[in-house]
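Asker: Each chain, letter by letter, is given below.
There are 2 protein chains.
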Amino acid sequence: MTRFALTVEYDGRPFMGWQRQDHGPSVQQAIEDAAFAVTGERATVHAAGRTDAGVHGLGMRAHLDIEKPITPFRLMEALNARVRPNPVAILDCVEVPDDWHARFSCLARHYEYRIVNRRAPLTWEKGLAWRIANPLDAGAMHEAAQLLVGKHDFTTFRSVHCQSESALKSLDRLDVTRDGDRVTVRASARSFLHHQVRSMVGCLAMVGEGKWTAADLGDALEARDRTRLGLNAPSDGLFFVRADYA
Amino acid sequence: MTRFALTVEYDGRPFMGWQRQDHGPSVQQAIEDAAFAVTGERATVHAAGRTDAGVHGLGMRAHLDIEKPITPFRLMEALNARVRPNPVAILDCVEVPDDWHARFSCLARHYEYRIVNRRAPLTWEKGLAWRIANPLDAGAMHEAAQLLVGKHDFTTFRSVHCQSESALKSLDRLDVTRDGDRVTVRASARSFLHHQVRSMVGCLAMVGEGKWTAADLGDALEARDRTRLGLNAPSDGLFFVRADYA
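Going line by line, the protein sequences match chains F and G. Using UniProt numbering, the first residue of the first sequence is number 1, and each one after it goes up by one. Using UniProt numbering, the first residue of the second sequence is number 1, and each one after it goes up by one.
Simulated from the structure, these hints should not be mistaken for laboratory data. Take these hints with a grain of salt, some might be off.
Pairwise CB distance ranges, derived in the manner of DEER restraints [unchecked claim]: (1) F:Arg190 x G:Glu41: 58 to 64 Å; (2) G:Val94 x F:Asp137: 31 to 37 Å; (3) F:Arg190 x G:Ala81: 43 to 49 Å; (4) F:Thr71 x G:Phe104: 57 to 63 Å; (5) F:His101 x G:Val94: 53 to 59 Å; (6) G:His101 x F:Glu143: 42 to 48 Å.
Model, not experiment: these values are computed from the prediction. Just so you know, even glycine gets a beta-carbon here, dropped at the ideal spot from N, CA and C.
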């Protein structure tokens with residue numbers, strides 16, 4: 001048995017999410033089916049993060065165990081050939097030790113949220129960004145975001161379906177930058193709660209539009225109350241960028 | 001009658017090209033139909049450039065004449081509402097003098113060609129970039145590209161369907177840069193021949209792959225012979241970025 005770590009890019013639009021589900025297509029199933037086509041083995045694919053429906057992956061990390069002797073390069077090429085026509089690509093494949101785990105060995109996760117700040121609707125980026133028509137003050141968003149950085153109880157920013165034992169999380173980075181009409185939010189942490197990035201982005205957008213002050217954001221955090229959430233941003237603009245390991 | 005200049009973004013994937021055609025959808029027709037829905041007038045939309053099937057627009061400029069009194073802002077909003085579900089967006093709309101012409105007043109056109117240089121297939125960028133599996137030497141591509149900058153007879157890099165009177169054109173800029181696995185070619189000129197950017201990019205890719213030397217590129221240019229073209233790059237990666245006016 002050999003454990004392989006994969007770096008995976010995917011377009012989240014046609015999927016119900018990363019995780020395999022009975023009622024629709026998933027990235028996990030697409031890769032597992034491709035692996036079965038390649039090896040004849042029913043391997044489970046474990047990921048660093050289980051992204052929601054419509055969320056994209058630029059560099060998701062995952063692993064699977066294969067009995068059949070195969071080189072990482074051949075496995076990568078064969079998976080890419082067999083995963084078609086699903087919009088999933090294996091960017092990298094390496095052998096890892098048997099105790100390496102895409103989820104449990106992960107030390108940090110990095111997300112990016114893409115906003116296009118303009119009145120006109122999206123064209124080739126439809127489903128790949130959140131279009132916000134009202135002018136956003138990215139500077140105010142970045143400043144307010146710093147209130148969320150650090151160790152906090154993120155109950156307000158957590159889906160009611162979140163299965164994490166604790167809402168206490170350390171947020172290492174939450175940066176907001178603007179380049180023309182694009183506003184990008186970058187979030188880094190060891191781990192995130194379900195919907196945490198989208199919930200933080202939704203509230204930052206309210207700050208950017210002037211509907212909330214930074215103090216409102218701080219109050220929402222302090223409240224530890226999901227009903228105090230300003231807005232959950234749509235999945236469209238969210239990309240899982242990278243996972244770090246030792 | 002008021003002449004309005006539009007800045008237009010579009011996803012070229014579903015279109016037969018910019019120009020109105022009998023046998024399929026075009027960007028021009030999508031905007032003209034939207035304008036008719038807004039004003040009841042059959043206005044012709046003239047563009048700075050008539051991009052091919054599958055070519056995208058980030059900031060195409062176009063103009064149309066409207067009899068009905070309407071402000072630029074209202075026209076823009078109404079066109080964006082009516083052009084749906086076509087992936088076309090009017091980013092800007094301004095009144096211009098009656099002798100301003102999107103095509104004939106244009107002083108410079110800027111294109112960008114996006115290459116993703118990796119073995120894995122594209123996912124969310126499918127149709128929005130050219131994936132080249134073999135490693136590209138972007139430095140060699142940039143160096144060779146400088147042979148094409150300046151005033152030349154670009155017959156080799158011109159479609160047999162090109163309707164331009166002369167193949168003599170001045171190319172102001174042809175830059176090749178790399179950022180990770182993305183290689184971007186930026187081309188600027190007062191005007192381009194039909195397929196010129198794609199033909200130049202195709203040949204630069206051959207240089208990048210080591211199949212051609214810079215001297216081969218120079219020879220192809222000197223030959224002024226379409227049959228000496230190395231390769232015409234696919235439309236997928238081509239974006240009309242901007243048009244300049246006085």
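Asker: Look at each hint and say if it fits the structure.
Answerer: These are the hints, each one checked on the structure:
1. F:Arg190 x G:Glu41: 58 to 64 Å: Cβ of Arg190 (chain F) to Cβ of Glu41 (chain G): about 60 Å, so the range 58 to 64 Å holds.
2. G:Val94 x F:Asp137: 31 to 37 Å: Since the Cβ atoms of Val94 (chain G) and Asp137 (chain F) sit about 25 Å apart, the hinted range of 31 to 37 Å is violated.
3. F:Arg190 x G:Ala81: 43 to 49 Å: For Arg190 (chain F) and Ala81 (chain G) the Cβ distance comes to about 45 Å; the hint holds.
4. F:Thr71 x G:Phe104: 57 to 63 Å: holds, 59 Å
5. F:His101 x G:Val94: 53 to 59 Å: Roughly 57 Å apart at Cβ, these two residues keep to the hinted range, so it holds.
6. G:His101 x F:Glu143: 42 to 48 Å: The hint (42 to 48 Å, Cβ to Cβ) holds, given that His101 (chain G) and Glu143 (chain F) are roughly 46 Å apart.
Hint violations for this structure: number 2 only, all remaining hints satisfied.
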